[in-house]
Amino acid sequence: EAGVAQSPRYKIIEKRQSVAFWCNPISGHATLYWYQQILGQGPKLLIQFQNNGVVDDSQLPKDRFSAERLKGVDSTLKIQPAKLEDSAVYLCASSFWDKTTNYGYTFGSGTRLTVV
Amino acid sequence: GENVEQHPSTLSVQEGDSAVIKCTYSDSASNYFPWYKQELGKRPQLIIDIRSNVGEKKDQRIAVTLNKTAKHFSLHITETQPEDSAVYFCAASRGTNAGKSTFGDGTTLTVKP
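Residue numbers (the numbering used here), protein chains in the order written: chain S, 34 to 149; chain P, 463 to 575.
Worth flagging that the hints you see were computed from the coordinates, not collected in a lab. A few of these clues could be false.
Unchecked claim - Within a straight-line C-alpha distance of at most 27 angstroms, the following computed DSSO-like cross-link-like pairs (lysine-lysine) qualify:
no. : chain 1 : residue 1 : chain 2 : residue 2
1   : S       : LYS111    : P       : LYS562
2   : P       : LYS562    : S       : LYS104
3   : P       : LYS562    : S       : LYS77
4   : P       : LYS484    : S       : LYS132
5   : P       : LYS484    : P       : LYS504
6   : P       : LYS519    : P       : LYS504
Everything numeric in this text was worked out from a predicted model, so none of it was measured.
Using the sequences and the hints, build the whole thing.
Below, the structure is given as structure tokens:
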């Protein structure tokens, strides 16, 4: 079974530039999550999608971060403009959620962003 | 919201010894507690989880214990091997939506051959 695909693997940008990350979940997984993992910390949830709808974006810094999942499959996360403190690994995860239980919850390998 | 604290931040053991990592949580309504292993540059992978109606769960060399009254849970790895070297994260969530877990800050385990 193919896993959660993310690209690019690495990205280096200057502060105030824009950047976008892409995630393709496991086939059939309606639930998709984006996390920010700062070095030395655990993943922190940014946004959760169920199909193409946002379920929870309470921790997404909406002044500079945006995410979409227009067709309910792959998703993009954008930062505009980037700040130095946005340097982190951005992880995507997906699962099948039947309203009571997660099935097959799996992380992607992440995109390592360095803002200089 | 939920707050998860994890200790120690680094742990070094000799091959064959046991390793114990401890986590505390703040939300008494949390009832799902997964543990993840993350090797350098790789994705976090679920290694074991426990639900609040169970006090202990074991899978070969790894076990997890949960004390709901004290709001803490622990990961135990016995007969450690060099390939156990990684960062281990605990997490806690309400319900069974693993994706909404609050994570600890991780423990870097080094197993010396």
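Checked hints:
1. LYS111/S <-> LYS562/P: 21 angstroms, holds
2. LYS562/P <-> LYS104/S: 22 angstroms, holds
3. LYS562/P <-> LYS77/S: 9 angstroms, holds
4. LYS484/P <-> LYS132/S: With Cα atoms ~30 angstroms apart, LYS484/P and LYS132/S exceed 27 angstroms; violated.
5. LYS484/P <-> LYS504/P: Status holds; Cα separation ~23 angstroms.
6. LYS519/P <-> LYS504/P: 26 angstroms, holds
Going down the numbered hints, you'll see the structure goes against just number 4.
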